[in-house]
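Working from the sequences, and respecting the hints, build out all of it.
Counting in my numbering, the sequence shown runs from 6 upward without gaps.
Some hints here could point you the wrong way.
Cβ-Cβ distance ranges computed for the label pairs, FRET-style [stated by the list, open to error]:
1) 56 - 86: 13 to 23 Å
2) 126 - 56: 18 to 28 Å
3) 61 - 195: 34 to 44 Å
4) 111 - 61: 30 to 40 Å
What the hints contain is simulated information worked out from the structure, not anything from laboratory work. Bear in mind the structure is a predicted one, so any value in this text is a computation, not a measurement. Note that the Cβ used here is the ideal one computed from N, Cα and C, for glycine as well.
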Amino acid sequence: MRGLGTALALVLSAIGAGALSAQTPPRPQLIETSLALSEGGEMRYAISVPAADAAPGPRPLVLALHPGGRSVYYGSWFMQTIVEPALRGWGAVIVAPDVPDASWATVRSERAVAALMEHVLASHSIDRSRILVTGFSMGGRGTWYLAARHPDFFTAAIAIATGPGRESLESFAELPLYIIHSPDDEVVPYGPVEEMARTLAERGYPVQMMSLPGASHGMMGDYVGPLRAAGDWVQRYWTERASEPR
Numbered sequence: 006m007r008g009l010g011t012a013l014a015l016v017l018s019a020i021g022a023g024a025l026s027a028q029t030p031p032r033p034q035l036i037e038t039s040l041a042l043s044e045g046g047e048m049r050y051a052i053s054v055p056a057a058d059a060a061p062g063p064r065p066l067v068l069a070l071h072p073g074g075r076s077v078y079y080g081s082w083f084m085q086t087i088v089e090p091a092l093r094g095w096g097a098v099i100v101a102p103d104v105p106d107a108s109w110a111t112v113r114s115e116r117a118v119a120a121l122m123e124h125v126l127a128s129h130s131i132d133r134s135r136i137l138v139t140g141f142s143m144g145g146r147g148t149w150y151l152a153a154r155h156p157d158f159f160t161a162a163i164a165i166a167t168g169p170g171r172e173s174l175e176s177f178a179e180l181p182l183y184i185i186h187s188p189d190d191e192v193v194p195y196g197p198v199e200e201m202a203r204t205l206a207e208r209g210y211p212v213q214m215m216s217l218p219g220a221s222h223g224m225m226g227d228y229v230g231p232l233r234a235a236g237d238w239v240q241r242y243w244t245e246r247a248s249e250p251r
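Next up, the structure:
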């Protein structure tokens, strides 16, 4: 695929609340519940389901991974304050679990997330060509981790305020990846993340990076507008890919 995926554009972002669409869809239904895991225990999660009068048909699916924190239904809070407002126009089913382990980037968390995704796919009409994983800080690290290990399941990734681990770069050869990071982040250094983005772009992989000057690591609310812009990029990529001759 050419076009969107062949060059890295560093966008100096000043996106804020003004980027909201003039016509925002109604707030979806929110459910907080848990899933019993076959390995024992349970995984708390929240799920956001579009309003009943929204357009019918299979919907996109978004997996939202919260940053560091262990409070009950912290995933729900992250989804309601950051992810759902940014991506409400998608009409997507959004799933936001609480991390079941020390971080998202562990085998235990990976297995629990896989079980949750299977449950959601069995319970809702999902368009499997439009499945996004996104997360902030620790959740962004989990985004890199899960996207690299499951490029056959996720069809896009948006990593926010974080950098990759030692994931195989080849996993992102066909998987559209959008990175949002601030040069003023005092927790995760900006330079290595930018260098990784450029490496992926030089290989012709579908990557985009947005720079958000002035945002510290704790200024999570500043990322709602950029996440919306990243979501627009993902949607355009999906549309372009769907229009290519098979």
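Here is what the structure says about each hint:
no. : hint                 : in the structure
1   : 56 - 86: 13 to 23 Å  : 19 Å, holds
2   : 126 - 56: 18 to 28 Å : 21 Å, holds
3   : 61 - 195: 34 to 44 Å : 43 Å, holds
4   : 111 - 61: 30 to 40 Å : 38 Å, holds
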